[in-house]
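S.K.: Each protein sequence line maps, in turn, to chains U, P and L. Each residue of the first sequence is one higher than the one before, counting from 2 in my numbering. Each residue of the second sequence is one higher than the one before, counting from 2 in my numbering. Each residue of the third sequence is one higher than the one before, counting from 2 in my numbering.
If you're looking for bench data, these hints aren't it; they were derived computationally from the structure. Quick caveat, the model's predicted, so the values are computed rather than measured. Take these hints with a grain of salt, some might be off.
Each pair of labels, with its calculated beta carbon distance range [as the list claims (entries may be wrong)]:
id: 1; chain 1: P; residue 1: Met-19; chain 2: L; residue 2: Leu-101; range: 51 to 59 angstroms
id: 2; chain 1: U; residue 1: Ser-105; chain 2: P; residue 2: Pro-41; range: 54 to 62 angstroms
id: 3; chain 1: P; residue 1: Gly-61; chain 2: L; residue 2: Pro-259; range: 37 to 45 angstroms
id: 4; chain 1: P; residue 1: Pro-41; chain 2: U; residue 2: Ser-182; range: 56 to 64 angstroms
id: 5; chain 1: P; residue 1: Pro-163; chain 2: L; residue 2: Pro-163; range: 47 to 55 angstroms
id: 6; chain 1: U; residue 1: Ser-182; chain 2: P; residue 2: Met-19; range: 22 to 30 angstroms
id: 7; chain 1: P; residue 1: Pro-262; chain 2: L; residue 2: Arg-137; range: 47 to 55 angstroms
id: 8; chain 1: P; residue 1: Leu-20; chain 2: U; residue 2: Ser-182; range: 14 to 22 angstroms
id: 9; chain 1: U; residue 1: Lys-46; chain 2: L; residue 2: Asp-275; range: 31 to 39 angstroms
Not the full set, but computed from the structure, chain P residues with beta-carbon under 8 angstroms of chain L [as the list claims (entries may be wrong)]:
id: 10; residue: Ala-178
id: 11; residue: Val-195
id: 12; residue: Leu-199
id: 13; residue: Tyr-203
A virtual CB, placed ideally from N, CA and C, is assigned to each residue, including glycine.
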Amino acid sequence: MPIIDFRVRPPAGGFLSMLLYTDAARRDRLTRQHGFEPAPSAVKKSLSLLLTEMDRVGVGIGVAIGRTSGPLGTISNAAVMEIVDANPGRFIGVASIDPLHRRSACAEITRAIASGMRAVNIEPGSYSQPLTADDRRLYPIYAHLEDAKIPAIIMAGGSAGPDLGYTAPECLDRVAADFPSLRIVVSHGGWPWVHQMLHIAYRRENVFLSPDQYLAGLPGHDDYVNAANGFLSDRLIYASSYPFMPVDAYAEWFKRLPIRPEAMEKILYRNAADLLGIGQAQ
Amino acid sequence: MPIIDFRVRPPAGGFLSMLLYTDAARRDRLTRQHGFEPAPSAVKKSLSLLLTEMDRVGVGIGVAIGRTSGPLGTISNAAVMEIVDANPGRFIGVASIDPLHRRSACAEITRAIASGMRAVNIEPGSYSQPLTADDRRLYPIYAHLEDAKIPAIIMAGGSAGPDLGYTAPECLDRVAADFPSLRIVVSHGGWPWVHQMLHIAYRRENVFLSPDQYLAGLPGHDDYVNAANGFLSDRLIYASSYPFMPVDAYAEWFKRLPIRPEAMEKILYRNAADLLGIGQAQ
Amino acid sequence: MPIIDFRVRPPAGGFLSMLLYTDAARRDRLTRQHGFEPAPSAVKKSLSLLLTEMDRVGVGIGVAIGRTSGPLGTISNAAVMEIVDANPGRFIGVASIDPLHRRSACAEITRAIASGMRAVNIEPGSYSQPLTADDRRLYPIYAHLEDAKIPAIIMAGGSAGPDLGYTAPECLDRVAADFPSLRIVVSHGGWPWVHQMLHIAYRRENVFLSPDQYLAGLPGHDDYVNAANGFLSDRLIYASSYPFMPVDAYAEWFKRLPIRPEAMEKILYRNAADLLGIGQAQ
Numbered sequence: 002m003p004i005i006d007f008r009v010r011p012p013a014g015g016f017l018s019m020l021l022y023t024d025a026a027r028r029d030r031l032t033r034q035h036g037f038e039p040a041p042s043a044v045k046k047s048l049s050l051l052l053t054e055m056d057r058v059g060v061g062i063g064v065a066i067g068r069t070s071g072p073l074g075t076i077s078n079a080a081v082m083e084i085v086d087a088n089p090g091r092f093i094g095v096a097s098i099d100p101l102h103r104r105s106a107c108a109e110i111t112r113a114i115a116s117g118m119r120a121v122n123i124e125p126g127s128y129s130q131p132l133t134a135d136d137r138r139l140y141p142i143y144a145h146l147e148d149a150k151i152p153a154i155i156m157a158g159g160s161a162g163p164d165l166g167y168t169a170p171e172c173l174d175r176v177a178a179d180f181p182s183l184r185i186v187v188s189h190g191g192w193p194w195v196h197q198m199l200h201i202a203y204r205r206e207n208v209f210l211s212p213d214q215y216l217a218g219l220p221g222h223d224d225y226v227n228a229a230n231g232f233l234s235d236r237l238i239y240a241s242s243y244p245f246m247p248v249d250a251y252a253e254w255f256k257r258l259p260i261r262p263e264a265m266e267k268i269l270y271r272n273a274a275d276l277l278g279i280g281q282a283q
Numbered sequence: 002m003p004i005i006d007f008r009v010r011p012p013a014g015g016f017l018s019m020l021l022y023t024d025a026a027r028r029d030r031l032t033r034q035h036g037f038e039p040a041p042s043a044v045k046k047s048l049s050l051l052l053t054e055m056d057r058v059g060v061g062i063g064v065a066i067g068r069t070s071g072p073l074g075t076i077s078n079a080a081v082m083e084i085v086d087a088n089p090g091r092f093i094g095v096a097s098i099d100p101l102h103r104r105s106a107c108a109e110i111t112r113a114i115a116s117g118m119r120a121v122n123i124e125p126g127s128y129s130q131p132l133t134a135d136d137r138r139l140y141p142i143y144a145h146l147e148d149a150k151i152p153a154i155i156m157a158g159g160s161a162g163p164d165l166g167y168t169a170p171e172c173l174d175r176v177a178a179d180f181p182s183l184r185i186v187v188s189h190g191g192w193p194w195v196h197q198m199l200h201i202a203y204r205r206e207n208v209f210l211s212p213d214q215y216l217a218g219l220p221g222h223d224d225y226v227n228a229a230n231g232f233l234s235d236r237l238i239y240a241s242s243y244p245f246m247p248v249d250a251y252a253e254w255f256k257r258l259p260i261r262p263e264a265m266e267k268i269l270y271r272n273a274a275d276l277l278g279i280g281q282a283q
Numbered sequence: 002m003p004i005i006d007f008r009v010r011p012p013a014g015g016f017l018s019m020l021l022y023t024d025a026a027r028r029d030r031l032t033r034q035h036g037f038e039p040a041p042s043a044v045k046k047s048l049s050l051l052l053t054e055m056d057r058v059g060v061g062i063g064v065a066i067g068r069t070s071g072p073l074g075t076i077s078n079a080a081v082m083e084i085v086d087a088n089p090g091r092f093i094g095v096a097s098i099d100p101l102h103r104r105s106a107c108a109e110i111t112r113a114i115a116s117g118m119r120a121v122n123i124e125p126g127s128y129s130q131p132l133t134a135d136d137r138r139l140y141p142i143y144a145h146l147e148d149a150k151i152p153a154i155i156m157a158g159g160s161a162g163p164d165l166g167y168t169a170p171e172c173l174d175r176v177a178a179d180f181p182s183l184r185i186v187v188s189h190g191g192w193p194w195v196h197q198m199l200h201i202a203y204r205r206e207n208v209f210l211s212p213d214q215y216l217a218g219l220p221g222h223d224d225y226v227n228a229a230n231g232f233l234s235d236r237l238i239y240a241s242s243y244p245f246m247p248v249d250a251y252a253e254w255f256k257r258l259p260i261r262p263e264a265m266e267k268i269l270y271r272n273a274a275d276l277l278g279i280g281q282a283q
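Next up, chain U with everything else stripped away, as it sits in the complex (with noise of 0.2 angstroms):
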């Protein structure tokens, strides 16, 4: 069993020239929060010891999660496909887009999925101008991924936006509700409203939680760990946040969590594969 990684961001191209790399003491002391050491790959910036990394796990495939915003850093599309194209198979892109601008934003939805691209990211707490998940101007666009059935990842935990009010969960679940085909993955899983989103999951059977980081050394971990055991098993979806942790010494820790085997498979492969439509390209 290969294992996807849900949210990575590889060190290259247009990658490095976000917060994530030009700032590498932030990202290092939060992972050293986490109770990890970081990563030779994204010390060095070195691409092709990220792909050595992943390989020495059975990281198959990581996720390149696109972004579009102020204060983190914006990095195109196209820049993310050619890092994907560039390592065929090593890598599932997910676009980003500007919500401000609805029209510009759909067609450039259009594009991405075209080129191979396989979600949108959608981080409402870091645009250049800070929204919550439930903000009307993201209306219009997630309309348009439940229509077009394409999923969405939400930022809607972390320290995503100014402050906490960003993430307040009845956002996040306003949306689930007021959209019930379109799919949504909530990466950072909503922590620190670590109950509050295990209820909008329990409600919204919409609603994937990806605790990525977040798992690792914080409250809420047994909460996580206790829904995989539980209703949470085909929900539930594994990532790292590199380069906020290590590809390999954070799979290696979370497969060794008191997480049932065949839940484990689901979250370490098969419940992404389903949602990114890849179980039958294995």
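Given chain U, put chains P and L in place with the hints provided.
M.R.: Chains P and L in isolation, oriented as in the chain U frame:
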């Protein structure tokens, strides 16, 4: 010691036309998310089977909770009392009201109590016009209940409302503060606002928690159990939320929780009996 | 290693006319909800007995926290310093202010620091006009404190305010973000917003948590302890919140928590000493 199950909607009469029974697929999905199998009596819509299930584990009394709701369905107080009266000693009736008409709501409360009902169920987020618990329109009704010394059951958790914003815990806290002698039972235990609701119960002596179905298989489980063994032993109340949970298997599961015997006795019987004024009648 | 107890209101002088001592029944009820018995020194209102209790467990210094409040009572900064000065080396004074008059508040801060006080206590929800931590009227005061490098203690948890809405965690997060070099100690650890407050401390390096009494017998206990052993060891601060907790029995209980020794030493002494600038003086 008989058990009082504080939240039961028997498969009989007016209950059968509510969402609980008309959308069995939704109900059974939720039951299974808690790790339980649907109750045969719920599947077969058999009141006599429910009574057998109650007998099997010593559930002497089921508190039959009425409901006035748009999306979840409505049962009249008279229809609840028909079931109560037809099964002497097995059920206690709890009234519901339409909060948008305060005068007729208060008159209905007077009638319902006169007919033998022992409390009033308020489900703010589930009315045809969804409200929060602290909506101004509910305040005349709370005032009436406080003055008449009638307990209120408030659904301030679970999936109570169009989205999670309708169960924001500060709303319930305000009601508890503004009506300090109104005894309030928070059905669903206020889940998923576990820490917040336990804070409210810590601060407000008039707040009782009944986590019912949301205790099983969900985050917060240990927090409720610890509170049961600690400061909340006099104000935690057992309920199955039948038909979401089977009355028998759920009671058996609950009795095995690591709760000290004297607290368990209060939670399964004494706290509810005192609240409803039925201790004397036993 | 002496212990610094970061939140103490000694039974002497102006403190005796505050709610802490005038409503002993309320105080003792809360003490018992945490699983402790009231301190003899609190019951007898005996400062000398408190000093004995401190000595018995090695509490070298108590941080005597002033308060300006409507419902909770007020003590002047001069009255706090009388107690500090009368018991050399045993207490550190922390000032309070009336936030509604910014010029006189800032002047009072200058006077208080000159008199030997080491920090300023802000209790937004407990002023005679209750505020949230991010109320605009507090911002000139935060600015003054940041510029003067004076730590702020902010009560953003517990029962701080008329209802739970006054401790909404995003309010504290905004203050921490808007004044990045203001060192903020969150008294009561921001409880019950446990996950959220730990997120804020994870994100903001200028935030310190002092869960004090709310660590005992309440949900979130394990989360604070895990953070103490993890990313928060340099920014967790011990306090008893005396007279709510007995200084001696609480310290004994705390020292038995599963916190690794080097973190325990920081939490009981070093973090507070560095923050208050008293490390040198020991």
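S.K.: If I claimed the Cβ atoms of Pro-163 of chain P and Pro-163 of chain L lie 47 to 55 angstroms apart, would that claim hold in this structure?
M.R.: violated (27 angstroms)
S.K.: CB of Gly-61 of chain P to CB of Pro-259 of chain L, is that within 37 to 45 angstroms?
M.R.: holds (43 angstroms)
S.K.: Is the gap between the beta carbons of Met-19 of chain P and Leu-101 of chain L within 51 to 59 angstroms?
M.R.: Distance hint for Met-19 of chain P, Leu-101 of chain L holds at roughly 52 angstroms.
S.K.: When you take the CB atoms of Ser-105 of chain U and Pro-41 of chain P, is the distance between them in 54 to 62 angstroms?
M.R.: Holds - the Cβ-Cβ distance for Ser-105 of chain U and Pro-41 of chain P, about 57 angstroms, lies within 54 to 62 angstroms.
S.K.: Using the Cβ atoms, figure out if Ser-182 of chain U sits within 22 to 30 angstroms of Met-19 of chain P.
M.R.: Since the Cβ atoms of Ser-182 of chain U and Met-19 of chain P sit about 26 angstroms apart, the hinted range of 22 to 30 angstroms holds.
S.K.: Is the hinted range of 47 to 55 angstroms satisfied by the C-beta distance from Pro-262 of chain P to Arg-137 of chain L?
M.R.: holds (54 angstroms)
S.K.: Starting from the hint 56 to 64 angstroms, judge whether the C-beta atoms of Pro-41 of chain P and Ser-182 of chain U obey it.
M.R.: Violated - the Cβ-Cβ distance for Pro-41 of chain P and Ser-182 of chain U, about 33 angstroms, lies outside 56 to 64 angstroms.
S.K.: Closer than 8 angstroms between Cβ atoms is the bar; does Ala-178 of chain P clear it against chain L? Give me holds or violated.
M.R.: holds (6 angstroms)
S.K.: Has the hinted range 31 to 39 angstroms been met by the Cβ atoms of Lys-46 of chain U and Asp-275 of chain L?
M.R.: holds (36 angstroms)
S.K.: Hey, does the Val-195 of chain P contact hint survive, CB to chain L under 8 angstroms?
M.R.: holds (7 angstroms)
S.K.: Could you say whether the range 14 to 22 angstroms given as a hint is met by the Cβ separation of Leu-20 of chain P and Ser-182 of chain U?
M.R.: holds (21 angstroms)
S.K.: Is the interface hint satisfied for Tyr-203 of chain P? The criterion is a beta-carbon contact with chain L at less than 8 angstroms.
M.R.: holds (6 angstroms)
Against the hints set out earlier in the document, violations occur for numbers 4 and 5.
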